[in-house]
Every structure is written in structure tokens, then in C-alpha cells.
Amino acid sequence: MTGTAENTGRAWVYGDNVDTDLLAPGAYMKGPVETMATHCLEAIDPDFATSATAGDIVVGGKNFGMGSSREQAAQVLGILGIRAVVAKSFGGIFYRNAFNLGLLALVCPDVDKIASGDALSIDPAAGKIENLTQGTVIATEPVPDHLLNIVGAGGLVPYLEKKIKGAA
Amino acid sequence: MTVQTLTLAEKIIARASGREAVRPGEIVTCAVDLAMIHDSGGPRRVKPVLERLGVGVWDSKRVVVVSDHYVPAFDAESAAILKLTRDWARDQGIENFYDQQGICHVVLPERGHLRPGMFVVGGDSHSPTGGAFGSYMFGVGATDMAGVLVTGETWIRVPETIRLRWDGALPDGVSAKDMMLKLCATLGMDGGDYQAVEYSGTTIAGLSMTERMTLSNMAAELGAQAGLIAGDETTAEYIRQAGGDPGAFVGEQGDEDAPCRVEHRFDAFALDPQVAAPHSPANSGSVLDAEKAKLDQCYIGACTGAKLNDLQMAARVLKGRKVASGTRLFVAPASTRITAQAAADGTLAALTEAGAILLPSGCGACAGYGAGVLAEAEVCISSTARNFKGRMGAKSSQVYLGSPFTVAASAVMGHIADPRDFLAEGAA
Ligand code: SF4
Numbered sequence: 001m002t003g004t005a006e007n008t009g010r011a012w013v014y015g016d017n018v019d020t021d022l023l024a025p026g027a028y029m030k031g032p033v034e035t036m037a038t039h040c041l042e043a044i045d046p047d048f049a050t051s052a053t054a055g056d057i058v059v060g061g062k063n064f065g066m067g068s069s070r071e072q073a074a075q076v077l078g079i080l081g082i083r084a085v086v087a088k089s090f091g092g093i094f095y096r097n098a099f100n101l102g103l104l105a106l107v108c109p110d111v112d113k114i115a116s117g118d119a120l121s122i123d124p125a126a127g128k129i130e131n132l133t134q135g136t137v138i139a140t141e142p143v144p145d146h147l148l149n150i151v152g153a154g155g156l157v158p159y160l161e162k163k164i165k166g167a168a
Numbered sequence: 001m002t003v004q005t006l007t008l009a010e011k012i013i014a015r016a017s018g019r020e021a022v023r024p025g026e027i028v029t030c031a032v033d034l035a036m037i038h039d040s041g042g043p044r045r046v047k048p049v050l051e052r053l054g055v056g057v058w059d060s061k062r063v064v065v066v067s068d069h070y071v072p073a074f075d076a077e078s079a080a081i082l083k084l085t086r087d088w089a090r091d092q093g094i095e096n097f098y099d100q101q102g103i104c105h106v107v108l109p110e111r112g113h114l115r116p117g118m119f120v121v122g123g124d125s126h127s128p129t130g131g132a133f134g135s136y137m138f139g140v141g142a143t144d145m146a147g148v149l150v151t152g153e154t155w156i157r158v159p160e161t162i163r164l165r166w167d168g169a170l171p172d173g174v175s176a177k178d179m180m181l182k183l184c185a186t187l188g189m190d191g192g193d194y195q196a197v198e199y200s201g202t203t204i205a206g207l208s209m210t211e212r213m214t215l216s217n218m219a220a221e222l223g224a225q226a227g228l229i230a231g232d233e234t235t236a237e238y239i240r241q242a243g244g245d246p247g248a249f250v251g252e253q254g255d256e257d258a259p260c261r262v263e264h265r266f267d268a269f270a271l272d273p274q275v276a277a278p279h280s281p282a283n284s285g286s287v288l289d290a291e292k293a294k295l296d297q298c299y300i301g302a303c304t305g306a307k308l309n310d311l312q313m314a315a316r317v318l319k320g321r322k323v324a325s326g327t328r329l330f331v332a333p334a335s336t337r338i339t340a341q342a343a344a345d346g347t348l349a350a351l352t353e354a355g356a357i358l359l360p361s362g363c364g365a366c367a368g369y370g371a372g373v374l375a376e377a378e379v380c381i382s383s384t385a386r387n388f389k390g391r392m393g394a395k396s397s398q399v400y401l402g403s404p405f406t407v408a409a410s411a412v413m414g415h416i417a418d419p420r421d422f423l424a425e426g427a428a
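So the sequence lines, in the order shown, correspond to chains A and B. For what it's worth, the numbering used here labels the leading residue of the first sequence as 1, then goes sequentially. For what it's worth, the numbering used here labels the leading residue of the second sequence as 1, then goes sequentially.
In isolation and in its complexed conformation, chain A is listed as follows (with noise of 0.2 Å):
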């Protein structure tokens, strides 16, 4: 399953560092987390809220999400639709929140060799990611059935919602 529109999106490449207040400015808090979302990353980078589309993909360095405890963070890049977010390394409560949200989160050595705008096809089971731009392939810590499935119902409440009520 490599190149399918469904699991492509454009890279937009950030580096070190992206912390909860860059991803979901305290100045937005009281308001709908809707209209927090178009502010989302504005600090360092303008045109990406409203630029992203569908099925894009976030790339950082290290320690991405790192800060406060706001589930905010990963919530407004499911907003804006972002499939997966692909890192060095992540904050560690943002790292949770990301998938009890619904978002993808890949740690992966190699993100220096993706260049913002590239076309990548990710693999999150199978843990690659391939670079249609460039031709390449890299390698990422596949992601565990178990975080899958809560990724692919939407995030922890409504996977448990589908086992619950799935279940009665």
C-alpha cells in the first residue's frame, strides 16, 4: 500500500523544541478550541494553519510537544486535519495525549533527510515512512497494534466508546 492518496500527505518540516504554547497559544484557552486551531503554530510559522490541508504531516526534531500538559496541543492538529505528527523525539505527556486524541505520533531518527512540501506515504504497523519525492525510504519505531486502533476509532473516547457499547 505505498503512494495511495489515502496515506499521503505534504511534510512541513519544524525543528527542536515545538512546545504546547507554540501548537496552542495560552492567549486562545478560554475560547473554542475551533478558533484556537487557526492560530496554531502562527509564532513561527504564519501560513500553516491556514495552509494545511487534509492528511498533511508535521515533522519536528527533538523533544516535540514538550511543556504543559494541555491536550490542546495534539486537539488542534487533528482540527486541521494533520495525520501524523513525525519526530525526533517527543514531550512525553504530549506523546499520550497525541494518541488519545486521535493523532499519530512516529518516532524517527532520520527527519533531517525530509524537506518541507515533500510527499511522504507513511506505514505507521510496518514503522516507514517513504519519501515520494525523493525516492527514499526511512525507517520509524513501528507503532503498536494497540496505539493503532486507538488512532484509527478517532482517539481513547470513542475507542472506548466502540468497545463498550460494542461490547453490551
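Treat each hint with caution, since some may be false.
To be verified - Dumping the calculated BS3-like pairs for lysine-lysine here, alpha-carbon to alpha-carbon at most 25 Å:
#1 A:LYS62 / B:LYS389
#2 B:LYS47 / A:LYS163
#3 B:LYS182 / A:LYS62
#4 A:LYS162 / B:LYS182
Hints in this document: simulated from the structure, not taken from any laboratory. Since the model is a prediction, treat every value here as computed from it, not as a measurement.
Please arrange chain B with the ligand on chain A, whose structure you already have, making use of the hints.
Relative to the frame of chain A, chain B with the ligand by itself:
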């Protein structure tokens, strides 16, 4: 066949996930022994999720609820949050509900809920405090917590272990808080990298449980998931006193030769009192090099810095002295039980006779919730864990961090001061 050696964190996670062994990087599902939530991140956030799912908590005996953030209510909104917390605890049949009895991280062990080897999830970022009791305890967001409350289990990516070894005795006037500020400056706020920190060495072995709690509490400031200390006789004795059962895991340690990411070693005898300048615990250095900033406020409070030991440290400095005019000293004991103990042993009298103003037990000004917040441009030294910009009040306020010794000495001088001068004088 060789048996895999395991760190303390790996032993606890292996048990909770029902396996013989686990390896760093593996994702496993663990049964949760205990879940703790508070008024701010708890019922008001998880209730809608449980309602959507049409279920209650998985085991009301394994859930502890503490009202500590919005206490006592200071407006109609905070009163409503406390009421919602109370009603929800009642509706869910939760017996272990501590309403305004103190700060969750202190109340939990004080009431005998923690013991070595437990796998515990807390709805608060300072949940690593539980690691002082040899429990693998970590903080999660609201959705995560809702999942735990419904299923009684959660997933975890097995962390690597970072060993922080301290040897030697701490000099008089130097405390666990100083050790932590030193660690924040040395390792940075991402030095823990969401792995498990494990404290060991002769210094740790000689520390009281309340001092150990300060180390585990501020593992959060290192960015670690957990801050573990293996349970020993000191741990067991504290738990017995609290009316709990220390259990069979006491004495269990990580295997000496278990692979860890890194081990850092520190000498306690060489440590000066530390002061963190605004706006990060990592901006720490010796009090000897700290700017003698003039202070509007001195604050002894929070889960980090207002346990009985902490109040006693402050009392040793303040006994027979006065808070300088032009500054104010607030003391918010971390729990009602601590207030009672400090009243019984004369600690409270020493503080109030020096001019300290007592505030209710709760998070209070620590995160800008309750009484004791700062005005624009005001300067404060605090025994809390974090001095992020604007956390204790107005945006332009400046917060320094120090031990209760240092905060008390600074209150006497009206500016940042070295507590050792006072202890030496007092002894003479
Ligand atoms: S006292 Fe401060 S650090 Fe401790 S739980 Fe309350 S707000 Fe958090």
C-alpha cells in the same frame, strides 16, 4: 539461559503488566493499582466522558479524590467546581475523598494510600511525588485519566532509567530542595526526557520521607515521567505511621547491573543552598552568587515546600527573629494534618511570632489559584517547584525559588539571604 536484569522501574512495570520482564521502548498495558484526581483536572473534566460512555469508575476503592486547587472557594465559580467534585465523589461511591484536607501529593501518602511497587496514575503533573514511596506514579491529561477510570488500565512506553546518585551528608541549612535546584541547573528541564529517574546513594538513604518527597516531586521539573526511590525501612515506618501496609515490595531494588541510560553522581557535603532566578528552576546557582534581590513577598507553600519538615526548617531560622518590614511572609501548610502537627510541636508559634501570616492548606498561590498572588512587578522568593512567568500572579512578577531555610532567612533580611548565617548564629 540468562535472566534479564531489571531496573526498579522495569520491575514495577513488569509486575503491573503481568510479565516476567519488560524492555525500554516497549509499549505495554498495565493494571492501575490506584488513580488520584483533584478538583481542577478531575471530576469536572472526566464526568462528561464517563457520561458519554454511560459507565462509572472501574473500582471506587482504587480512586482517590482530593479537593486542593480551588480551596477554600474564593468566588462562585470555584465554589461550583468544589461542589461538582463533592457530588461526583458521592455519586461514584468514592470513600477516599479528601475535601480541603491538603494538597493531593501530600494527602495521598499521609493517609497511607501509597506503598512500594504500586503502579499509580495521577491527574496532575507533580504526580511523580509518589515515587518517593517506591510507587511508579506519573501524571496524565484528562482524557488519559478518563480512560483509566473507566478501564482500570493504561498503556505505557517502558522508560529507560536515569540514575542520580548522591553521596555524603548534607551540610546544615542545605536540603532536598537545594539538591533538586542543583539537578535542574545541571541536567536542564528536559534532562529527564520523560524517562524514569531513580535517586540513590547514601544521602538519599539518610533523608526523611518528606525530604525524599521533594526530590520525587521535582522529577517533574526535570521532565521525567517518574522519580523513584526504592522503599526501605524509613519508607515502611512512614507507611505504618500513616495507617497503611508497607507490603512485600519494601527492600526491593533495581538490579545493580541492570542497564540504564546514564548515571550521574553528586556530592551532598559540597552543596551550597541554591536559588533559582526567574523564570525557570533551571536558572539555579549557589545562594552566594545570587543577586540580593529585594523582596515584596516570601512564600512557604505547595506540595513541594510546605510539609512538616519544611515548616520546621523555616521555624529554626525564624525562632526569635522577625520578618523584615517592607516584606510579607505567607505560610500555607501542605495539609491540615501538618498544620495540627506543627501546632503541637511549637513550629507554628515560632512562625507566627516572627510575623508569618498563615494561609489555608491548598495549592493557593503556587499556581496563581488562591490567596497570596503577586501584583505587577512584585518580587517573591518561594519554596514551590516552579517559577514560570506569571504562574504566581501578575505577568511581570518575578519569582525566585529556594528551600524553606532560604525563604525564611530572606524573609528576615527582606532580600535574598544565605540561611547558614542564621543557623550558625542560632547555634552560637
Ligand atoms: S501545590 Fe502547586 S505544584 Fe503542588 S499540586 Fe498544587 S499547583 Fe501543583
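Results of checking the hints against the structure:
Under the criterion of a C-alpha separation no larger than 25 Å, the hint pairing LYS62 of chain A with LYS389 of chain B is consistent with the structure, at around 24 Å. Between LYS47 of chain B and LYS163 of chain A the CA atoms are separated by roughly 19 Å; this keeps the pair inside 25 Å, and the hint holds. A distance of roughly 24 Å separates the Cα atoms of LYS182 of chain B and LYS62 of chain A; the hinted pair therefore holds under the 25 Å criterion. Of the pairs offered as hints, the one joining LYS162 of chain A and LYS182 of chain B is violated, with about 48 Å between alpha carbons and a cut-off of 25 Å exceeded.
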